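As they're listed, the protein sequences go chains A and B.
Once you know that position 74 of the first sequence is 494 in the numbering used here, the rest is easy, because the numbers rise by one and skip nothing.
Once you know that position 84 of the second sequence is 86 in the numbering used here, the rest is easy, because the numbers rise by one and skip nothing.
Hints were generated in silico from the structure; no laboratory data involved.
The model shown is predicted, which means the values in this text are computed figures rather than measured ones.
All clues given are correct.
Subject to a maximum C-alpha distance of 20 Å in a straight line, what follows is the list of computed DMTMM-like cross-link-like pairs (lysine to aspartate or glutamate): (1) A:K509 / B:D331; (2) B:K351 / A:D426; (3) B:K265 / B:D300; (4) A:K422 / B:E360; (5) A:K509 / B:E339; (6) A:K509 / B:E347; (7) B:K309 / B:E394; (8) B:K309 / A:D456; (9) B:K117 / B:E53; (10) A:K509 / B:E103; (11) B:K32 / B:E53; (12) B:K351 / B:E102.
Selected chain A positions facing chain B (in silico; Cβ < 10 Å): (13) L423; (14) L437; (15) N457; (16) T466; (17) P470; (18) V481; (19) L497; (20) P501.
Pair by pair, the computed Cβ-Cβ distance ranges are: (21) A:L478 / B:G276: 29 to 39 Å; (22) B:T304 / A:E441: 44 to 54 Å; (23) B:E286 / A:L478: 36 to 46 Å; (24) B:A4 / A:Q479: 48 to 58 Å.
Cβ coordinates follow ideal geometry from the N, Cα and C atoms, glycine included.
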Amino acid sequence: MKLSNDLVRHIASLACLGLSEEEVERFSLQLAHILDNVELLGQVDTTGVPPATHIVPLQNVLRADEVSGSYSQADILANAPRLAEKCFKVQTILE
Amino acid sequence: MADKELTRLTIHEAHQLLKQRQISSVELTKAALKRISDVESKVHACLAIVEDGALEEAERADEYMRTAEDVAPLTGIPALIKDVICTRAIRTTCGSRMLEEFVSPYDATVIERLKAQKAIIVGKTNMDEFAMGSSNEHSAFFPTRNPWDLSRVPGGSSGGSAVAVSTGEAVYALGSDTGGSIRQPAGFCSVVGLKPTYGRVSRYGLIAFASSLDQIGPMTRDVTDCALVMNAIAGHDSRDSTSVPHPVPDYTRQLIADIKGLKLGVPREYLVEGTQDEVRAALETAIEKLRELGAEIDREATLPYTKYALAAFHVLAPSEASANLARYDGVKYGFSEADATNVIEATAKTRQFGFGPEVKRRIMLGTYALSAGYHEAHYLKAQKVRTLIKEEFDRAFEEYDALITPTSPTVPFKLGERMDDPMQMYLADVCTLPINIGGVPAISIPAGFAGDLPIGMQIIGRPFGEEQILRIAFAFEQATDWHKRTPEL
Chain A
421 MKLSNDLVRH IASLACLGLS EEEVERFSLQ LAHILDNVEL LGQVDTTGVP
471 PATHIVPLQN VLRADEVSGS YSQADILANA PRLAEKCFKV QTILE
Chain B
3 MADKELTRLT IHEAHQLLKQ RQISSVELTK AALKRISDVE SKVHACLAIV
53 EDGALEEAER ADEYMRTAED VAPLTGIPAL IKDVICTRAI RTTCGSRMLE
103 EFVSPYDATV IERLKAQKAI IVGKTNMDEF AMGSSNEHSA FFPTRNPWDL
153 SRVPGGSSGG SAVAVSTGEA VYALGSDTGG SIRQPAGFCS VVGLKPTYGR
203 VSRYGLIAFA SSLDQIGPMT RDVTDCALVM NAIAGHDSRD STSVPHPVPD
253 YTRQLIADIK GLKLGVPREY LVEGTQDEVR AALETAIEKL RELGAEIDRE
303 ATLPYTKYAL AAFHVLAPSE ASANLARYDG VKYGFSEADA TNVIEATAKT
353 RQFGFGPEVK RRIMLGTYAL SAGYHEAHYL KAQKVRTLIK EEFDRAFEEY
403 DALITPTSPT VPFKLGERMD DPMQMYLADV CTLPINIGGV PAISIPAGFA
453 GDLPIGMQII GRPFGEEQIL RIAFAFEQAT DWHKRTPEL
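Modelling step: build the complete structure from the supplied sequences, incorporating the hints.
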């Protein structure tokens, strides 16, 4: 089996992930191969089985809303690839 | 004491010698740094070494121990940390170009806890990129090599940590485990590796791969050390809402070499097709030893849903990964591609050039499994199968005190052997990933060799039953000497 190249490109666009044509071709085969294995799940009767959302019994973890220390602006900006006037700089999003 | 002997000490041995002033933390740390400079060109286990910082910390630890009345078990002892765990003073790359220059603004909770004991952090270890892989070949920087045979992989994704402990580059290390990433390399390198119960150790500061499966755990030279590191890192943390507020026992308390009357199941589903004869033979010998030690062995144990675990894992883990890795957009930190005309193109290119092939593969799989039209058949189905696997573990532990399996179906494989076939690579974790799905704890301990190649045994326990599996591991270790063998380098 092979996924269509268009489907691979569609998934990549959903993930905002650029792919070369060579990667599209490779993933169309590899993903299909892995998904063939995943098909095995279809054999399991899961009628009435609830989906596992959490593996340990914890519910509604709450904490008091207390003011506490945080990070300095300098700490948080220290890793920024591009800065403009102490702000993260991004590409234009509105023309 | 000679450097060579210093680099073979366990935590508990080093602790005694430090307390008796027979050695100093500076000597111990220098010996580890010397060992690193001697073997690193062969094994490539480390991504960062902080020589000056480590020696300063060691001096401070020595100073402290001169007057302190009570010295904690990890004080003054050098450790290496998998590079998926955030450290303020050292870059945290996660084995990825994406985070090659990243310095975390904070320490992970586990790092705070090690530092509270005045542990010496010597550096960070190599790993598969974003902890996705079973061989360390998916590191964006270089592959780590197995010290038992340099042409073979050390396992992964905590391969660097396993190698560091095995070679004596550090006395112990921390790893992380999403589908076997502590236990499988521990087995491949003949060290002890524990994946705690989900929620036992805080994940705050652990760079997320699959948040419902990830746990941090110890990688050590023996079982006692494993218990000592657990004592340091386990426990509730309000910064990780999935960490569990159960009290933390003293994990050394149950280290008694007596397993008489314990009932151990050997589930046949874990001896999968493709399990090597040498692995079967080593497991047989190990089981016989456990029987001699007084355990009751049941060879008829069965967990039939195990055969669906691999498929469920390869829906659940990539799905969570695709969501977790959405944050790498090149804006706040990390690699960023500037050559683009708009924000979408910039993000897509940042991710195209910042991520390696395995990470892209998992993002693609996860995005597919979560996308409209496939979500129900894949993600929701896998979550239901997860419920069945979890319930099956619950039933098994009504009958058995622990389950015994191989850690991996094979001995360490050759570099390059599985790189072109992702499914073959995924099969390296077939015995370990069901445990993450069930959220239960499991340990891998040295249990034999095929020639010079290590074989690990996995002991699986009840949720929050770490004490019980440590006890079984300890009894086995006391009766064998596999853990005393060291690789010639």
